[in-house]
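Visitor: Go by the hints and put chain B onto chain A.
Here is how the chains run, residue by residue.
2 protein chains.
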Amino acid sequence: MRLEKDMKLRERAAKVIPNGMYGHQNVSLIAPGTPQFFTRAEGAYLWDVDGNRYVDYMCGYGPQLLGYCHPEIDRAYCEQLSRIDVATGPTPLMVELAEKWTELVTHADWAMFCKNGTDATTMALMTARAYRGRKKILIATGAYHGATTWCTPFPDGTVPEDRAHIIHYEYNNVESLEKAAEEAGDDLAGIFASPFKHDVLTDQQLPDPAYAKRARALCDEKDALLIVDEIRAGLRIARDASWSLMGVEPDLTSWGKSLANGHPISALLGSEKAKAAAGKIYATGSFWFAGAAMAASLVTLKILQETDYLERMIGLGTRLRTGLGEIGQRRSISIRQTGPEQMPLIMLADDQGNLDMQRGFAFCSGLMEKGVYFHPWHNMFISAAMTDKDIDMTLEAADRVLADMSVDA
Amino acid sequence: MRLEKDMKLRERAAKVIPNGMYGHQNVSLIAPGTPQFFTRAEGAYLWDVDGNRYVDYMCGYGPQLLGYCHPEIDRAYCEQLSRIDVATGPTPLMVELAEKWTELVTHADWAMFCKNGTDATTMALMTARAYRGRKKILIATGAYHGATTWCTPFPDGTVPEDRAHIIHYEYNNVESLEKAAEEAGDDLAGIFASPFKHDVLTDQQLPDPAYAKRARALCDEKDALLIVDEIRAGLRIARDASWSLMGVEPDLTSWGKSLANGHPISALLGSEKAKAAAGKIYATGSFWFAGAAMAASLVTLKILQETDYLERMIGLGTRLRTGLGEIGQRRSISIRQTGPEQMPLIMLADDQGNLDMQRGFAFCSGLMEKGVYFHPWHNMFISAAMTDKDIDMTLEAADRVLADMSVDA
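Going line by line, the protein sequences match chains A and B.
Just so we're aligned, residue 0 is where the first sequence starts under numbering that gives the first Met the number 0, counting upward by one.
Just so we're aligned, residue 0 is where the second sequence starts under numbering that gives the first Met the number 0, counting upward by one.
Just chain A, same shape as in the assembly (with noise of 0.2 Å):
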């Protein structure tokens, strides 16, 4: 059986993780035949614990950026353990840090390194209510922006409470954006926005340069922030704020995942007009001044300046919306591919053209035995560890798999 060892563990996980795993890596939820334990990784590929070995398109659900275990970086991180980590203080390495990011990306003038996403999220929404003493946080309706009381996708174990003074409007929709900010009167504190559409389940959207422009003005025109929240597209659109490549500057970006390739770290970054509000908060953990995840970041950050990495990726992922473009024509089968090239999202449709669940779990089943893991309804991410040989290994794949289920259908 391919998953032999799998299947025990997740008997022995059962009794003591509630729901034997919790989160955005329970499998339970995805494809059949997909792997709930690892045990080794290395660039562009990881092996499940029972030895097999996937091109893995979901990269960590983004962390990995560069290749899993890149030498260079895991050296600077394990270098710097063995001098200081966590202390009693940061170690100089944040102020180097906190130089490098903001010299980065053309909005940010200072930053505030934490652990979680859900950290700099949390820090943004606080800054911006701390901004002109404001409570409206304008969310578009659908978006993640972390895993806490007020942002959390479901509502178990809230309370109608934590959302009190939040906001939603229609991602690109500018008339629904205006309407809430409308609704916020002269208590808007911010407005949150995610540089593309990167919604579960449901087609992405690149963003809408009118209303990326309508956000920052309505902000301007308000006294608000805008915030962006690149935790998941981060550095694999731009090698700075996302919404720069519109002319769009934010005041705020919340930054997690690939910061450091993988290594725990998540970062604020804000402009100077944001930055005595962000000096009103009080928000910290234990293990956000650690040194090694920081030296991880440094040489992250040099790579990132020094190489094609970007530009890599975004040729991988055209190579691969193309294959499947073709193969799909070939077989008749529709393929929805949304979002950037570099961070598709992949789903089926029946013949009328709508999602189609089932076919898509079938589809990312199939790859999954010819080992590339694919996600059926979260948007994956292209490792500019890849080469044009596995995205080829990947198209063959998707062309058998899709030849059988043309055959059963």
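Please keep in mind that the hints were generated in silico from the structure rather than gathered at the bench.
One thing to keep in mind: the hints can contain errors.
It does not matter which identical chain is used: a pair holds within one copy or between any two.
[Stated by the list, open to error] The list that follows gives simulated cross-link-like pairs (lysine to aspartate or glutamate, EDC-like), each with its CA atoms no further than 16 Å apart: (1) K134 - E160; (2) K134 - D222; (3) K279 - D155.
Values in this document were obtained by computation on a predicted structure and should not be read as measured data.
Guide: Chain B only, in chain A's frame:
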């Protein structure tokens, strides 16, 4: 100048970090002469950026339990890092770690791992609310349970609704606790307690067994969950939940800081009764499932079980307490020493016995110059890496500083 490089770094930091530093590691509110930046750590010692060495009584505010740069624990971290750390799924180590921690902690039947202490307390809050779909949470006035919207000790950036259903009671006061429970009525979700009263700026208090038992009984009577927040004190009081020493078993315990001797991992542990509720909440983080910190935690756990680290910490703390008591008496200076010997809060009092922060600051500044890192208003942490020699050197330094202060006064 003793802190020349430190001061230059602070100037650079002020440009790119709000207030130059944030959170609990910002030294601007503690004794003058306290260094902000460190470049080396080993065992019980820290070296600041100017090369001055300190016996560190803060242990990174808790994470360092068995000594900085612990060779065996850090080796486990880096070895695991070379195989797999963050990935698209957890490693089998996560199951093993949940098994081991639930074996060690009597009340615990399951574990959920996270990164910050605040993650664990927030998950405890949400689990208690999800348990019977109730809202009210009892928290002791002045207790620290993390730094996010519902619990951060300062109001900036929060809204009143963030604490809509939190009712405060006085620690160790049964009557106050009962009154709060009555106020919650049939909407009581849970009661938070610290293992002992370790609030800042005030004498610490050991838990009154009558209070602990009444908290347990109230939760039983009302079918609510008892949460003991072990993040600061855990593993420094017992090799089990701290209240196990009084025969009181909580339903939920939050752990962090020292779980992997400084590597970033925290946890919520719970009893069978609370498992379904914990399985309902959605909580997750990009780095929560990473293997390296889990490998480090497994080694830490082994050392805790195989060595007399706890008894040694208590012995060292007792030597310090006794010595300081003698010095105070000899110098006619009233030194207020409260809390467990291994987590002492040490503050100076004026002639009337009232806490005197100015004298406390002067005491810590003096010690700092003599290579001893003391905190003027936060509990400190004895490290198992300290020796009698370190304590004796500390006592000698304290005697000299207090002698100077007596002359000055």
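Visitor: For which of the previously enumerated hints does the structure constitute a violation, in increasing order of number?
Guide: none
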